[in-house]
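All chains, please: the whole structure from these sequences, using the hints.
Heads up: the sequence lines are chains A and B, in that order. With the numbering used here, letter number 51 in the first sequence gets 51, and the count goes up by one each step, no holes. The number in the numbering used here is simply the position in the second sequence, starting from 1, with 1000 added.
Label-pair restraints from in silico Cβ distances:
1. B:ARG1035 x A:ARG125: 32 to 40 Å
2. B:GLU1034 x A:THR4: 33 to 41 Å
3. B:ARG1044 x A:THR115: 50 to 58 Å
4. B:ASP1121 x A:ALA7: 50 to 58 Å
5. A:ALA27 x B:ILE1075: 40 to 48 Å
6. A:SER32 x B:GLU1099: 20 to 28 Å
7. A:GLN12 x B:THR1043: 24 to 32 Å
8. A:ALA88 x B:LYS1011: 44 to 52 Å
9. B:ARG1044 x A:LYS51: 32 to 40 Å
If you only want the chain A side, here are some residues facing chain B, beta carbon under 7 Å, derived:
10. GLN12
11. SER32
12. LEU33
13. ARG37
14. ALA39
15. THR40
16. SER43
17. ARG109
Calculated directly from the structure, the hints in this document are not laboratory data. Ideal placement from N, C-alpha and C gives every residue a C-beta, glycine not left out.
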Amino acid sequence: MESTAIALENDQDIVVARGEVRTLAAAIGFRSLDQTRLATVASELARNIVKYASRGQMIAQPTRSPHGREGLRLIFEDDGPGIANVEAAMTDGFSTSKGMGKGLPGSRRLVDEFTIDSAPGRGTRITVVRWL
Amino acid sequence: MSGAQRIPILKVGRVLVVPIQTDMDDQTVVHLQERILSELERTRARGVLIDISLLEMVDSFIGRMLSDIASMARIMDARTVVVGIQPAVAITLVELGLELSGVSTVLNVDEGIKLLRDEFDIEEREDDELFWGELNLLGEHGHRA
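Written as structure tokens, this is what we have:
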């Protein structure tokens, strides 16, 4: 399966992103609970981009581990302001806007792998993977 | 920007029934919250029943909307019940760290209506007792005077 890129600029794009992720997850063979987890992660991270960076994109890639395990990788990238304190942003309860601080730490709990690369003025790239 | 989708709000007796049958964008979520509150004021309904059985995902934004509606409705003297959370949605909400504080949840619409009715009945009985209690008190005062 090929990877899909979705531009993220407004509320509607967030809905499109989570819908696309659910469809891809179902096609890969994820059960309903994992489809919901992945769609929820997509919604949280896509919203972060629209809210904090104004625009960016999500890339959804069906993937396979070196051991042949199938999975879905989602990459969220933007050229926004970046995150000054990544460690704090990954802590429950931390938020710079009215997000109640659930987004990043909550999303990390819904996937198997979560990596974040960000610095002030350099934008943000978050990569998550869930294995089948 | 999309126009907000129109989610129906139905008045059934003293309850506002809100069947959410489609995935909502954030703008629709915000509008829905405002519309429920203005309908509460307009109709003087005492309960809000939000059916989310068709929602395949509740993220932190929608979850917060549900909590906020419950708190605001409470201030307007109405109770809120959320009906039909799918198991996958419930598990994901907990993992995400959302508690839906202040929101009562039940499995189906019948139970939701029953829960709200029971609450109304208890409140009405308490109101009645308070009313008659005050009358008695007045009576006693009157007698004493």
